[in-house]
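Using the sequences plus the hints, can you model the full thing?
From first to last, the protein sequence lines are chains U and F. The numbering used here applies: residue 1 is where the first sequence begins, and numbers increase by one. The numbering used here applies: residue 450 is where the second sequence begins, and numbers increase by one.
In short, the hints are calculated from the structure, not lab data. Virtual Cβ for every residue (Gly too), placed ideally from N, Cα, C. Wrong hints could be hidden among the right ones.
Claimed, not checked - Each pair of labels, with its calculated beta carbon distance range:
hint, chain 1, residue 1, chain 2, residue 2, range
1, U, Arg-356, F, Met-676, 46 to 54 Å
2, F, Pro-812, U, Lys-170, 50 to 58 Å
3, F, Met-676, U, Glu-436, 49 to 57 Å
Claimed, not checked - Quick look at which bits of chain U chain F covers, simulated, 3 or more residues with Cβ under 8 Å:
hint, region
4, 86-92
5, 203-210
6, 366-379
Stated by the list, open to error - According to the in silico footprint, chain U covers these stretches of chain F (three or more CB under 8 Å from chain U):
hint, region
7, 556-568
8, 614-624
9, 828-836
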Amino acid sequence: MTRRTLRIFLCCAVVLAAALGARAQRPRFEPQRDYAYDLAATDAAVAEVVLDTGGFAWPELPPGDTVLLEVTVIATGPDAPKLSAARGTAQVHQVFEENSRGRRFLDVSPLRLGAGGRVMLAAEGMAWVEGPARLFVYRNTPLAGRRVLVLAPHPDDAEIAAFGVYRRTKADVVTVTAGDAGGANFEALWSEPGEHFRVKGWIRTWDSISVPFYGGVFPGQARNLGYYDAMLRPMQADPAKAFAPLKAKLDEPGYYRKFNVDPALRDRPFASTWDNLVADLVWELERVRPQVIVAPHPMLDNHADHQFTTIALIDALERWPGDCELLLYTNHGLENEAFPLGGRDAMTGLPAWSGRELFFRRVYSHALTPEEQRLKLVALEAMHDLREFDLRENAPPILTALAQRTREQHDYFRRGPRPNELFFVVTRTDAKRLREAFLAARQASDRQP
Amino acid sequence: MGPMSMSRRPRGFRAWILVFVAWAAFAADVAAQRPRFDPGQDYGYDLAATQAEVTAVELDGQGFAWPAGADAADTIWLELGLSASEGPAPELAADRGGAGVRQVFEERAKGRRFLDVSPLRHGAGGRVVLAGRGVAWRPGPARLFLYRNRPLAGRRVLVLAPHPDDAEIAAFGVYRHAGADVVTVTAGDSGWENFKALYPETGEHYRIKGMLRTWNSITAPFYGGVMPGQARNLGYYNGRLAEMRLEPAKEFPPLRAMLEHPAYYRRMNVDAALRDRPFRPAWVSLVDDLLWELRRVRPEVIVTPHPLLDSHVEHQLTTIALGEALARWEGEVELYLYTNHGMTNEAYPLGDRHAMTGLPAWPGGELYFSRLCSHPLTPEDRRLKLVALEAQHDLRAFDLRDGQDPLPEAKKLSLQRNDYYRRAPRPVELFFVASRADVARLCDAWLRHQAPR
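Quick look at the structure:
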């Protein structure tokens with residue numbers, strides 16, 4: 001076995017172990033179940049429609065930006081079921097779980113811009129249940145002109161979740177960690193792990209500062225707080241304790257923060273504690289005075305750093321009185337990492353969910369133009385953790401069937417640049433309840449053997 | 450592929466024909482524009498006429514005696530006669546007590562060559578051991594050329610790049626080591642269609658390509674410690690400098706990119722002064738901009754292409770424009786001239802990335818330099834240089850992983866010989882050091898070489 005084959009084999013083994021580990025920790029959505037969302041309990045206007053064999057009549061709708069069709073999907077073949085809807089020249093399609101059988105939500109927001117009174121539905125590998133159905137219509141405050149703060153747990157999360165949003169709003173983009181853990185992308189150049197992960201964090205810190213340019217956000221307005229990847233959860237459990245990086249060997253704790261273009265953040269003292277993180281977020285809130293904060297949904301997003309980024313934010317909100325709402329995203333669908341399903345031209349849809357209360361008032365489906373989708377793909381490809389670091393030294397990397405399949409399922413080039421970005425809109429008050437519920441559930445699961 | 454296989458596998462053969470035709474067209478295009486070095490020729494450098502200390506050595510079958518005192522020089526070249534015997538990459542290695550170098554020469558090389566032995570000054574002992582692979586050296590008297598350059602650290606350095614990526618290829622180690630202002634002249638909005646899968650419309654494709662590469666030129670120097678702002682892009686258009694020089698007052702539109710505004714690329718600068726500086730795509734304006742940069746940076750060293758050794762006309766013209774700006778600026782300055790597209794051999798530097806850069810093949814004629822400088826890169830410099838090169842959109846495959854091959858066949862063929870991942874992150878970066886007076890003469894010589902129109 002050559003060194004290269006060995007390395008590829010080891011990478012695959014790591015991917016497999018990570019996948020199995022992740023599976024062990026998280027509930028997996030059972031495709032024969034209903035999606036558990038109770039949208040009637042949210043701030044939606046509800047319109048009744050009747051689905052027939054060809055589609056449904058588009059009713060007179062109240063003003064709104066986001067429209068979801070509640071529909072029961074029955075898969076009829078082995079392939080992932082796909083449902084398309086067209087109204088005049090406007091059309092959408094969305095892909096559901098293999099073997100789906102149950103209540104789902106089709107994002108038909110773009111059909112608002114179509115013409116005519118009839119929506120044509122077309123299914124591949126599935127059928128829909130005919131009869132009465134409901135449209136949920138949300139009217140969100142337009143983002144344009146509002147001060148927006150996008151929070152990313154790691155370099156690339158802002159792009160995956162909210163490239164379209166920050167391009168439209170010229171938001172401040174603040175990344176919490178350096179991304180100094182995960183896979184050994186640069187092992188060919190740095191074989192010593194401590195050094196490798198130091199460099200990896202440094203490269204990704206720069207990604208988080210320089211890549212938002214493709215969405216019109218300059219370095220300085222894109223910043224990185226320089227905390228360490230994979231440490232937020234232990235930090236929260238022991239808020240005054242300073243934690244060391246998981247893998248990177250650094251000369252000094254504030255190493256990553258010093259690479260900011262923004263001088264105020266660069267010169268701000270760093271300590272790798274939860275208390276300091278919350279204080280930094282209060283400081284950012286005071287600076288940016290956001291009316292909208294984009295952050296992960298702690299219950300829908302499976303990654304602990306994602307969850308605790310938002311928990312830290314809600315802690316910080318306790319000390320900042322500004323009027324704002326939260327737009328919460330899902331980059332690692334808790335019950336299905338492959339979310340959003342289907343190709344990159346399919347709608348994002350709602351993440352699979354069989355659990356309880358999610359504390360949101362509205363759903364917001366933010367539309368991207370084709371140009372925004374292209375630039376989003378450019379921004380994703382610019383992220384070192386999302387592309388192959390190929391030095392063209394040997395033959396192209398050979399992926400095993402398993403690695404290939406993992407990539408196909410989880411590739412952010414597929415999952416990221418969609419026609420829409422999906423957010424759960426949460427008020428300040430509900431955010432506090434969300435935090436309590438999340439931490440209570442965490443404590444309960446920690447008590448399990 | 451012979452006629453036998455042609456009859457057996459006609460379809461494959463047709464594909465090969467297409468590939469060959471594409472390659473032949475590409476090669477003919479390149480060959481038509483530039484002289485080709487005959488490997489049976491001597492390298493035409495007359496280093497004895499430069500500011501070198503010349504030391505005679507005696508080559509025997511194993512090597513030579515390292516002269517006492519050579520360690521004080523920073524750049525040391527061994528002139529010797531070589532004769533390649535076999536193989537595609539004749540290689541000569543030299544070792545002196547713990548310090549070693551390797552350098553690769555042309556296939557079938559036969560004649561006078563120069564081995565860069567600068568790193569041997571860190572070795573120990575009085576003896577240099579030579580070893581050839583596929584090449585023999587001529588025993589007998591030979592010469593060492595010793596150069597002492599002023600250290601770069603602590604001097605104000607301006608690196609000029611014709612296109613995004615040229616600063617990294619030529620001088621990443623220099624700007625990481627000494628700090629520098631890195632100024633790129635054009636947006637790089639031309640060349641191959643890297644992003645065709647996303648932008649099929651030509652004008653739009655090249656607008657985006659220029660945007661991406663402009664941002665590369667501003668952000669990639671970070672890997673060498675140069676922040677955006679100190680890395681800037683003047684925002685001229687790729688492929689227009691030659692016409693601009695011939696009609697200095699006339700404004701030229703981009704060659705291929707469709708822009709909403711002429712200053713589209715310039716406005717991407719993080720540096721507010723340049724971003725707000727009015728833009729006109731005319732030669733006189735370029736010279737004014739360079740003068741403005743000289744006054745801002747007050748460089749003691751300017752790194753820029755060598756107009757006679759670098760075959761790319763925009764590389765040549767970057768230095769010609771600089772020459773015009775220098776004529777209007779008083780500062781005391783040295784020029785460090787580089788070769789990113791070897792005039793007589795695009796594959797330069799030869800061999801793998803661990804081999805020394807060496808001198809570019811040159812059949813003869815005045816090159817107007819006073820000294821050579823082999824700027825050493827540490828292993829960490831070289832790793833980071835590779836990271837900076839891979840960060841350039843024009844040097845990597847834009848692979849969206851949707852089943853389409855991101856590289857056209859012609860690009861693949863060109864990468865086999867001319868990949869900058871192989872050519873650039875070497876143990877040294879090589880510069881021809883020229884005085885202001887040298888550069889004035891060099892620019893005059895370049896102008897004389899231009900065919901009258």
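Against the structure, the hints come out as follows:
1. U:Arg-356 <-> F:Met-676: 46 to 54 Å: holds (48 Å)
2. F:Pro-812 <-> U:Lys-170: 50 to 58 Å: holds (56 Å)
3. F:Met-676 <-> U:Glu-436: 49 to 57 Å: violated (43 Å)
4. 86-92: As far as the region 86-92 of chain U goes, the hint is violated, because 0 residues have Cβ atoms under 8 Å from chain F.
5. 203-210: holds (count 3)
6. 366-379: With 3 residues close enough to chain F, the hint holds.
7. 556-568: With 0 residues closer than 8 Å to chain U, the region 556-568 of chain F misses the three-residue bar; violated.
8. 614-624: Contact hint for the region 614-624 of chain F vs chain U: violated, 0 residues under 8 Å.
9. 828-836: holds (count 3)
Taken one by one, the earlier hints fail for this structure at numbers 3, 4, 7 and 8, listed in ascending order.
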